[in-house]
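Numbering (this note's numbering), first residue to last: 6 to 630.
Check the hints yourself; a few may be wrong.
Think about it this way: if two alpha-carbon atoms lie no more than 30 angstroms apart in a straight line, the pair counts; the simulated DSS-like pairs of lysine-lysine are [what the hints assert, rightly or not]:
#	residue 1	residue 2
1	K153	K201
2	K140	K156
3	K156	K200
4	K201	K230
5	K201	K616
6	K616	K200
7	K140	K153
8	K230	K156
9	K140	K230
Label-pair distances were calculated between CB atoms; the ranges are [what the hints assert, rightly or not]:
#	residue 1	residue 2	range
10	P543	N401	23 to 31 angstroms
11	K153	A386	14 to 22 angstroms
12	R556	M415	39 to 47 angstroms
13	C461	I145	41 to 49 angstroms
14	C629	I145	55 to 63 angstroms
15	N215	L144	30 to 38 angstroms
16	P392	S473	15 to 23 angstroms
17	A396	A555	32 to 40 angstroms
18	L405	S473	23 to 31 angstroms
19	E168	I145	16 to 24 angstroms
20	D512	D619	36 to 44 angstroms
21	S249	D512	46 to 54 angstroms
22	P137	A557	47 to 55 angstroms
Keep in mind that the hints were calculated from the coordinates and are not lab data. All C-beta atoms, glycine included, are put in the ideal place defined by N, C-alpha and C.
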Amino acid sequence: MSSPSNDNEEAASSGAGSSNSGGNGGAGASGPPRPPAKRRLSSAAVIEILDTESDDSDVCAVNSYQASADEVKRIRGDYSSTSSSSSSDYSSDSESSWEDDSVLVEDKFPVKVVKAQLNPRANRMDDPQFNPALKSEDLIDRLSTNWKELKDYSTDNVTFTAEPFRLCLLHNVLANPEIINNIVDDMNTLDWNRKKMDLYEFHQTTDLANLSWQRSIRCIYQLLKTEVMSWVSQVTGLSLQSVSATCSLYGPGDHLLLHDDLLADRRVAFVLYLAPWRPRRPAALHNGAAHAEDKAEAGADSDGGWAEGMGGALELFARDDSGRPTDVVRRVLPRNNMLAFFPVGHDSFHQVDEVVSLELPRLSINGWFHGPRPDGPEPVAPPAPLPPPPAERPHNNVVLLSEWVSSTYMCPRVRAQVQAQMERASEVCLRSVLQPAAAQRLLDALDDPEVEWERCESSQQRRYERVSAQWLSRAAELPAGAQHAAAAALQLLRSAAFLRLLADCTDLPLATYRQLELQRWRPGDFTLIPPREHYQAPRLEAVLYLGVPARAVCGGQTVYVAPEEGRAPDAEGEVDGALVTVPPRHNALSLVYCDAGAASFTKYLSKMTMKPDDRFYILACTYCE
6 MSSPSNDNEE
16 AASSGAGSSN
26 SGGNGGAGAS
36 GPPRPPAKRR
46 LSSAAVIEIL
56 DTESDDSDVC
66 AVNSYQASAD
76 EVKRIRGDYS
86 STSSSSSSDY
96 SSDSESSWED
106 DSVLVEDKFP
116 VKVVKAQLNP
126 RANRMDDPQF
136 NPALKSEDLI
146 DRLSTNWKEL
156 KDYSTDNVTF
166 TAEPFRLCLL
176 HNVLANPEII
186 NNIVDDMNTL
196 DWNRKKMDLY
206 EFHQTTDLAN
216 LSWQRSIRCI
226 YQLLKTEVMS
236 WVSQVTGLSL
246 QSVSATCSLY
256 GPGDHLLLHD
266 DLLADRRVAF
276 VLYLAPWRPR
286 RPAALHNGAA
296 HAEDKAEAGA
306 DSDGGWAEGM
316 GGALELFARD
326 DSGRPTDVVR
336 RVLPRNNMLA
346 FFPVGHDSFH
356 QVDEVVSLEL
366 PRLSINGWFH
376 GPRPDGPEPV
386 APPAPLPPPP
396 AERPHNNVVL
406 LSEWVSSTYM
416 CPRVRAQVQA
426 QMERASEVCL
436 RSVLQPAAAQ
446 RLLDALDDPE
456 VEWERCESSQ
466 QRRYERVSAQ
476 WLSRAAELPA
486 GAQHAAAAAL
496 QLLRSAAFLR
506 LLADCTDLPL
516 ATYRQLELQR
526 WRPGDFTLIP
536 PREHYQAPRL
546 EAVLYLGVPA
556 RAVCGGQTVY
566 VAPEEGRAPD
576 AEGEVDGALV
586 TVPPRHNALS
596 LVYCDAGAAS
606 FTKYLSKMTM
616 KPDDRFYILA
626 CTYCE
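Construct the entire structure; sequences and hints are all you get.
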């Protein structure tokens with residue numbers, strides 16, 4: 006490659022040579038300057054252009070190209086001839102017979118660029134319109150009949166299913182769906198409140214009745230409490246008199262856990278999904294035929310939707326013979342311009358699955374239609390609440406604390422320091438409470454396929470796995486030397502020796518224990534605040550985490566609250582009335598003394614920071630005086 010100085014020198018010498026050529030000098034000076042022209046390639050510049058052999062691409066590959074300095078300047082547009090021919094910006098560097106004049110050919114078919122509007126908005130003065138197809142008397146009669154007879158029914162605009170409870174989906178509830186983009190625009194101007202408690206975590210606005218200055222939101226609220234409420238009343242046969250509704254926004258990790266919506270005069274729950282995220286794509290532009298996947302994507306549902314892998318589905322639960330929820334039997338993905346509604350009752354157990362989308366929020370307008378209680382007996386009986394677990398006495402079998410407990414906490418001076426901390430704060434965290442070898446031995450034993458795990462009862466209140474009571478009873482019959490490590494750990498926590506150790510650390514006369522469990526936690530597990538009768542007596546709660554990942558996890562912490570005080574969340578949106586929060590930490594035993602009226606729950610373990618096969622363990626027990 007020549008240096009820049011050589012390039013300049015070559016350009017000057019080339020210009021001089023062209024101006025002083027001997028035989029052709031007179032002809033070149035007398036005639037008008039020639040425009041840039043084609044010339045025969047020299048042996049020093051070789052250009053080879055190959056097609057990529059693609060039917061739908063005009064991209065070419067250049068193998069090699071060596072341009073002269075003049076050609077480089079012409080391409081850049083900064084060429085200035087140094088020859089004596091000053092009347093032209095460009096001059097030919099050759100008078101060869103191979104040259105021909107360049108010709109500019111204009112396109113006879115100018116292309117008009119069309120700017121597509123991917124997310125069209127309605128006129129700001131337009132009102133949302135209830136789909137006229139849904140107002141058909143024949144449709145209302147058929148749907149009402151199937152609603153009463155508990156028979157499934159489906160058309161292009163309506164889908165009704167009777168199991169596990171009545172649910173109706175209106176697929177095109179608005180005749181002008183482009184107004185949904187106006188609603189989403191108005192949502193950007195709202196004040197959102199972070200709702201964060203044991204049952205839920207998401208953003209919510211005030212009631213739509215208070216949002217009067219956003220036109221599109223005010224109009225959709227008017228539509229809900231007039232035409233939509235009247236239509237739902239005709240289909241369900243219920244007397245509906247008013248509506249309460251809010252806007253909800255679920256971001257990454259947000260969720261709404263298992264519940265039935267049964268409260269006061271709520272009769273029908275509804276959700277209007279706003280998901281205009283899938284734009285209408287223009288046809289693919291190719292030199293040849295479009296690929297099959299491009300055609301399929303261009304013809305995809307242009308009404309918008311929500312991919313299954315993004316979470317946020319409405320999940321419906323079946324019930325067992327006692328009326329308690331069991332498993333998810335139906336999932337409804339959000340879809341733009343779809344209204345879902347169902348009657349509120351003792352069987353309407355549902356939840357909103359955790360949103361795992363990092364790009365798009367799950368937006369909806371949701372609420373309830375209110376009205377008087379229908380005449381007659383309850384169609385579904387409420388499930389019987391679970392009684393508090395019974396208190397049990399510790400056993401007096403020989404247990405060697407030194408084989409399990411770290412030598413640090415066997416020291417009387419350290420126990421006295423722990424006791425002082427309990428007197429000051431009513432809680433203490435004993436880190437590395439188990440000897441490292443004992444903790445690792447227990448973790449290895451919990452991965453043993455011999456251990457039997459079971460789902461805890463009352464999935465409405467809690468969801469995790471625990472070591473089966475039947476397996477523990479069989480393991481307890483084995484001699485002490487052959488006992489399984491998991492069974493031995495539970496034997497340790499129910500021993501009189503361990504109660505004396507806790508009494509030295511807390512200065513409490515502990516006499517009984519209850520609800521001793523070895524739990525296995527996976528993504529999606531949780532516990533809620535238990536019924537009132539479970540926390541009406543003072544107690545000491547012990548929580549030992551094992552196998553928690555070293556990285557940060559979202560959820561899984563044990564939170565202590567005073568539910569009856571009803572304190573508001575702080576500025577960071579922390580859990581309402583949180584008294585103590587115990588973070589998950591491997592081999593850390595937290596002791597928390599709870600007065601009467603203080604309750605605890607374990608926060609929903611998010612899927613955002615845990616792999617599907619990740620897990621950790623909690624060894625929990627409640628001790629009473």
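Hint-by-hint comparison with the structure:
no.	hint	in the structure
1	K153 - K201	violated, 38 angstroms
2	K140 - K156	holds, 21 angstroms
3	K156 - K200	violated, 37 angstroms
4	K201 - K230	holds, 28 angstroms
5	K201 - K616	holds, 24 angstroms
6	K616 - K200	holds, 26 angstroms
7	K140 - K153	holds, 19 angstroms
8	K230 - K156	holds, 27 angstroms
9	K140 - K230	holds, 16 angstroms
10	P543 - N401: 23 to 31 angstroms	holds, 25 angstroms
11	K153 - A386: 14 to 22 angstroms	holds, 20 angstroms
12	R556 - M415: 39 to 47 angstroms	violated, 32 angstroms
13	C461 - I145: 41 to 49 angstroms	holds, 44 angstroms
14	C629 - I145: 55 to 63 angstroms	holds, 59 angstroms
15	N215 - L144: 30 to 38 angstroms	holds, 34 angstroms
16	P392 - S473: 15 to 23 angstroms	holds, 21 angstroms
17	A396 - A555: 32 to 40 angstroms	holds, 37 angstroms
18	L405 - S473: 23 to 31 angstroms	holds, 26 angstroms
19	E168 - I145: 16 to 24 angstroms	holds, 22 angstroms
20	D512 - D619: 36 to 44 angstroms	holds, 38 angstroms
21	S249 - D512: 46 to 54 angstroms	holds, 50 angstroms
22	P137 - A557: 47 to 55 angstroms	holds, 53 angstroms
Going through the hint list in order, the structure does not satisfy hints 1, 3 and 12.
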